[in-house]
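Asker: The lines below spell out each chain.
There are 2 protein chains.
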Amino acid sequence: MKKRLLLAFSLLVTGAQAQSPDSVTIRKIYNEVLTNSPSYEWLRHLTQQIGPRLSGSEGAQKAVDWTKQLMEQQGFDRVFLQEVMVPHWVRGAKEVAYIQNGKQKITVPIAALGGSVATPTKGIEAQVIEVKSFQELRDLGAGKVKGKIVFYNRPMDPTKLNTFEAYAGAVDQRGNGATEAARLGAVGTIVRSMTTVLDDNPHTGSMRYATGVPLIPSAAISTNGAERLSKMLKDNPGLTFYFKQNCETLPDAKSYNVVGEIKGSEKPDEIIVVGGHLDSWDIGQGAHDDGSGCMQSIEVLRALKALGIKPKRTLRAVMFMNEENGLRGGIGYADYAKKNNENHIAAVESDNGGFTPRGFGIVGTPEQRAKAIAWKPLLAPYGLHEIGAGSGGADIGPLAQLGTVLFGFKPDSQRYFDFHHAGIDRFESVNKRELELGAASMAALVYLLDQHGL
Amino acid sequence: MKKRLLLAFSLLVTGAQAQSPDSVTIRKIYNEVLTNSPSYEWLRHLTQQIGPRLSGSEGAQKAVDWTKQLMEQQGFDRVFLQEVMVPHWVRGAKEVAYIQNGKQKITVPIAALGGSVATPTKGIEAQVIEVKSFQELRDLGAGKVKGKIVFYNRPMDPTKLNTFEAYAGAVDQRGNGATEAARLGAVGTIVRSMTTVLDDNPHTGSMRYATGVPLIPSAAISTNGAERLSKMLKDNPGLTFYFKQNCETLPDAKSYNVVGEIKGSEKPDEIIVVGGHLDSWDIGQGAHDDGSGCMQSIEVLRALKALGIKPKRTLRAVMFMNEENGLRGGIGYADYAKKNNENHIAAVESDNGGFTPRGFGIVGTPEQRAKAIAWKPLLAPYGLHEIGAGSGGADIGPLAQLGTVLFGFKPDSQRYFDFHHAGIDRFESVNKRELELGAASMAALVYLLDQHGL
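For the record, the sequence lines run as chains A and B.
All letters in the first sequence, in the order written, are residues 1 to 454 by the UniProt record's numbering.
All letters in the second sequence, in the order written, are residues 1 to 454 by the UniProt record's numbering.
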């Protein structure tokens, strides 16, 4: 009996602790989002009705128009566009690629990397040299590389618990592979797709050329294609690979960041940003990357408004343009902020997918980090255990120079690279509850930042 | 400069801490599973080649034979069957249901609940009375219920962060709804499916009858169907609902738990169980529920063996039979343990889906819990933050009487009830990395239990 009384008492105490004003409000935020959020239906529209949104494309412009209208409909205090000039790369007709092994011709799925040049109209056919690293390539030397197609085949490390670390450990092949290969006289590069899954989806992504080095075409090959090519090369190192791609870089195009704002009631000059990027690659629907982050950011402001929470500080939902192949929106946003002497105290970005929340990475001083980490007891009941030093987000990165504290929303990373930059990053790959929990987590953090500053 | 040195030093210290023998072994376990695990391909076979495995069915028998063979192939020290008699309920021909609203006839998807009786051959057609709780039903009284079909339509609460709590708050309608309705003279019951998703999949599950109360047929209706029926009832309370189901309870059938064992080298009489249940509902493939838990349990033993880890204590992977509609395997296993005077120090069950790991729930004394909670620093780097009092698992539950400490593997719960007991609980709904991380988490816990006891 005594034990039961004790238990009842300790439950009362826990209950009482849970009644701090912050915890009550956070509970309300989650209830609102999990009950009334339209964010999943917004995402359906953005991904299925508008679709791919590569910078400079018609889809990107439609997304600008639609999100502006959407935020206006929410009754935010101000919705405005920020003009930025963006790179305008187009894929052109679908790529063709095959392995020619004697008389055997095996078609494999590839996708030109963003920023790559086209092949000659008739395509390129050459012998293949497979490497796993730039060092291995350099050790081979020009004698073995000249005239060939370099095939980068180092997989993402499946043992990394955080798949973004595995990505970081492999993506040099995609970003700089063409330049490294061209220095040694290669005529093209084929890069294993950045995913741990074995399937037939090529994953595109950006690549860069260095000045003074020949521009050779570069494409991603599906992981199954990479495995097959590697296996066949072991049997016949003399086989050839053919590919043809039709991409092109057009003159820079005019585009926009889209910004929705709720004015602060006490400190309107202190701004808190929550955002994602509106552009996406062209071969999927940009559902996880980063339609989710955009819809969540608008939902943060919608939910706070619906609850009648009047922020002390000014809150902005920002749809950044051109994260994927230029970052012009992120850079432009920070430039505007600087020019207008705006004081951005904090920025939160969601660009790691619409998955179940795990926490937030923080970029700031140890004191600023400590203040946010002290909120953990308020956030851990919602599955947000991982709050600490980490990365913010590409688009909000340029705000760091202005002293803004950056927060990167950290959802579970296990499924992200299954979809990332591939044709299957579609609406159906996003789970409604997971998307909403992300929005609620971001809203809870924004609420705490607004209440307590940093 | 000084700051950098300090940073370097603190990284060294962290690195040194990470080198405890336990943390090194746990890292090896994760590496082994994430690199070499066949568990996803095993699950493919179990779900796609064998398929549904309801107790007493041909699929269940095939699963017994195949998992026995699979564990024998792994070279475990002993693989054996434990005979249990199981309920043998069969669905029969697919159900038919429609709403008859004047001349309008709208077909809706239903699935008979496990254990339900059939309707008469010509089906049942009756007026409908919608309620959200037993209290509401009782308040209406026999006068309003008699001769009608009771429609239970209280949704799972979407604001519960742990969806299992939301399930627990709604599942009384499925389990006891028929009996409660029959007491007031109802002729059948229709229950809103246990999921927060709005779709067209009915979710089956078990129900019970009380003695002395008429056995009336009971079925689950899809959430979209429930929404539609509810809306139409508001316009026309006099509409009728028709359903026909053809299920039947046959005599109990002979079946088995399947047990694979690695003998302990120091304390062979202390047994640690890791398990899931081999049976599944008949309308899906039982991928998350609970093919995942079974394949993970075998993977725990395979991975430890592959790493050359010789356990001090005896480890058993147990495929329990009949969790879904009888728990005869779980009860039988504990009975055998008692009869044979076996000392089960701990049991770990995975029956919450093959999703990304969050932690473990513990059932034991406060001292035993504290010992396991003290392992958190070893497990948190792998995303296992939620280690504390909780629930173990249905199948291992009966072992509690023998003093066994129970651990329930706790994956993220957000997507579970999208699939649970529905036709879409199929292989494709399981993610390879998430499945493997679950297996590695269970293996890490089993390793710690083996090394340190409780």
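Any given hint could be a false lead.
Taking lysine to any residue pairs in the SDA-like style, the calculated list, with each CA pair at most 20 angstroms apart, reads [as the list claims (entries may be wrong)]: (1) 160/A x 212/B; (2) 94/A x 77/A; (3) 144/A x 115/A; (4) 160/A x 232/B.
Which chain A residues stay away from chain B? Per the calculated CB distances, all over 10 angstroms, these [as the list claims (entries may be wrong)]: (5) 124; (6) 136; (7) 158; (8) 161; (9) 266; (10) 339; (11) 383; (12) 431; (13) 432.
If you anchor each label on the Cβ, the simulated ranges turn out as follows [to be verified]: (14) 90/A x 172/B: 40 to 48 angstroms; (15) 331/B x 172/A: 42 to 50 angstroms; (16) 210/A x 31/B: 33 to 41 angstroms; (17) 58/A x 227/B: 55 to 63 angstroms; (18) 80/B x 169/A: 42 to 50 angstroms; (19) 49/A x 31/B: 39 to 47 angstroms; (20) 90/A x 103/B: 38 to 46 angstroms; (21) 172/A x 23/B: 28 to 36 angstroms; (22) 365/A x 453/B: 43 to 51 angstroms.
No lab work stands behind these hints: they were computed from the structure.
Bear in mind that the values here come from a model prediction, so they are computed numbers and not experimental data.
A virtual CB, placed ideally from N, CA and C, is assigned to each residue, including glycine.
Asker: Could you run down the list of hints and mark each one as holding or not?
Answerer: Hints versus structure:
no. : hint                              : result
1   : 160/A x 212/B                     : violated (59 angstroms)
2   : 94/A x 77/A                       : violated (44 angstroms)
3   : 144/A x 115/A                     : violated (26 angstroms)
4   : 160/A x 232/B                     : violated (52 angstroms)
5   : 124                               : holds (34 angstroms)
6   : 136                               : holds (21 angstroms)
7   : 158                               : violated (5 angstroms)
8   : 161                               : violated (6 angstroms)
9   : 266                               : holds (30 angstroms)
10  : 339                               : holds (33 angstroms)
11  : 383                               : violated (7 angstroms)
12  : 431                               : violated (5 angstroms)
13  : 432                               : violated (7 angstroms)
14  : 90/A x 172/B: 40 to 48 angstroms  : violated (58 angstroms)
15  : 331/B x 172/A: 42 to 50 angstroms : violated (57 angstroms)
16  : 210/A x 31/B: 33 to 41 angstroms  : holds (36 angstroms)
17  : 58/A x 227/B: 55 to 63 angstroms  : violated (37 angstroms)
18  : 80/B x 169/A: 42 to 50 angstroms  : holds (45 angstroms)
19  : 49/A x 31/B: 39 to 47 angstroms   : holds (44 angstroms)
20  : 90/A x 103/B: 38 to 46 angstroms  : violated (55 angstroms)
21  : 172/A x 23/B: 28 to 36 angstroms  : holds (29 angstroms)
22  : 365/A x 453/B: 43 to 51 angstroms : holds (45 angstroms)
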